[in-house]
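Protein chains: 2
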Amino acid sequence: MRLNRATDTALRVLMLLAKVPAPMSVVALAARLDVPHSNAMKIIARLSAAGFVETQRGRGGGVTMGMPAEAITVGRIVALFETDMAVVECLGDGDVTCPFLPRCALKRAMSAATEAFIASLDGYSLADIAGRSQLPRALVTG
Amino acid sequence: MRLNRATDTALRVLMLLAKVPAPMSVVALAARLDVPHSNAMKIIARLSAAGFVETQRGRGGGVTMGMPAEAITVGRIVALFETDMAVVECLGDGDVTCPFLPRCALKRAMSAATEAFIASLDGYSLADIAGRSQLPRALVTG
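If you read the sequences in order, they're chains D and F. For what it's worth, the working numbering labels the leading residue of the first sequence as 1, then goes sequentially. For what it's worth, the working numbering labels the leading residue of the second sequence as 1, then goes sequentially.
Isolated chain D (complex conformation) (with noise of 0.2 Å):
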C-alpha cells in the first residue's frame, strides 16, 4: 500500500515551507526536495487552489504557508491528494471485471478502513509534524 507519489511531495513541501519563514521560489523548493520542477509546479498550484499555501510573482515574491501549520492536519493534505482513495481497484474509476461485483461487502470494509486511515492522520497538525523533524541548516537557510 503506497500513497500516490505527489501526496509524498505535497506532504514535504507543506513540512519545508512550515518551518521555512521567507517566501520560497518553485525552483528552490523543487532543488531542495529533489522532485522534477513541473510536478512541483502542479502539487503548489493544488495546494495553493486549496488554501494551503499563497504565491506571489514577482520580485520578493515566492511561495509561503497561506494557513497556520497549526491548522493543517496531514489527514486534510493527504485526502486532497488521494481523491479517489481507491484501495481496491473496484473502488476506483475504471473498468473492474471482478465477479463479487456488484455486491461485495469487502468494498464497505475497505472503504471504512480507508476512514480510519485519514482519521489516524487527522491526529496529526502539519505543525507537530515539521516541529518534530529536523532538516540539515543549509536547506533551511541556504
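Just so you know, nobody snuck in bad clues.
For lysine to aspartate or glutamate, the following EDC-like pairs were computed, each having C-alpha atoms within a straight-line distance of at most 20 Å:
| no. | chain 1 | residue 1 | chain 2 | residue 2 |
| --- | --- | --- | --- | --- |
| 1 | D | Lys19 | D | Asp128 |
| 2 | D | Lys107 | F | Glu115 |
| 3 | D | Lys107 | F | Asp128 |
| 4 | F | Lys19 | F | Glu54 |
| 5 | F | Lys107 | D | Asp34 |
| 6 | F | Lys107 | D | Asp128 |
| 7 | F | Lys107 | D | Asp122 |
| 8 | F | Lys42 | F | Glu54 |
| 9 | D | Lys42 | D | Glu82 |
| 10 | F | Lys107 | D | Glu70 |
| 11 | F | Lys107 | D | Glu82 |
| 12 | D | Lys107 | F | Glu82 |
| 13 | F | Lys107 | D | Glu115 |
| 14 | D | Lys107 | F | Asp122 |
| 15 | D | Lys42 | D | Glu54 |
| 16 | D | Lys107 | F | Glu70 |
| 17 | D | Lys107 | F | Asp34 |
Honestly, the hints are just simulated from the structure, not real lab data.
Given chain D, put chain F in place with the hints provided.
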C-alpha cells in the same frame, strides 16, 4: 492509495473459496477471477504457506480453505501480502533522498495510520465479507 494487485487477488481467491465447498483447481480459480494463471499460482502458494488454504494434488484435488473463514480477518490477509506497507517512500527499502530523513515525524504518523487501517480490517472476518457478498450462480457451481 492502493493495495498491491496481489493483495486484491488474494482477497478474491479467499472470498471465492469461502463460498465454494468443493476443491477448485488453480486453472478454474484463475479463470473465474479473470487473473493470469501464474499470478494465481504465486498467490495460492503464499496463502498455503500461511495456512489459509490447502492444496491437494491429483484427481479430486485442488484448493480448499485451510482454516474456517470465521478465523481469518481481512486485516490478516492484507498484512500478509502488504509486507512492507511503505505508504510513503521512506518506509520502504529503497534509497530515499528526502532531506527530512533521518529525523522525520511523518514516518511515525504514517506507521500509526497504517496500523489503524489494518486494525479496522481486523474487525471483519473473511466469513463476514464472503457471506455478505454475492457471486453469480454460474461462478459458484459451474
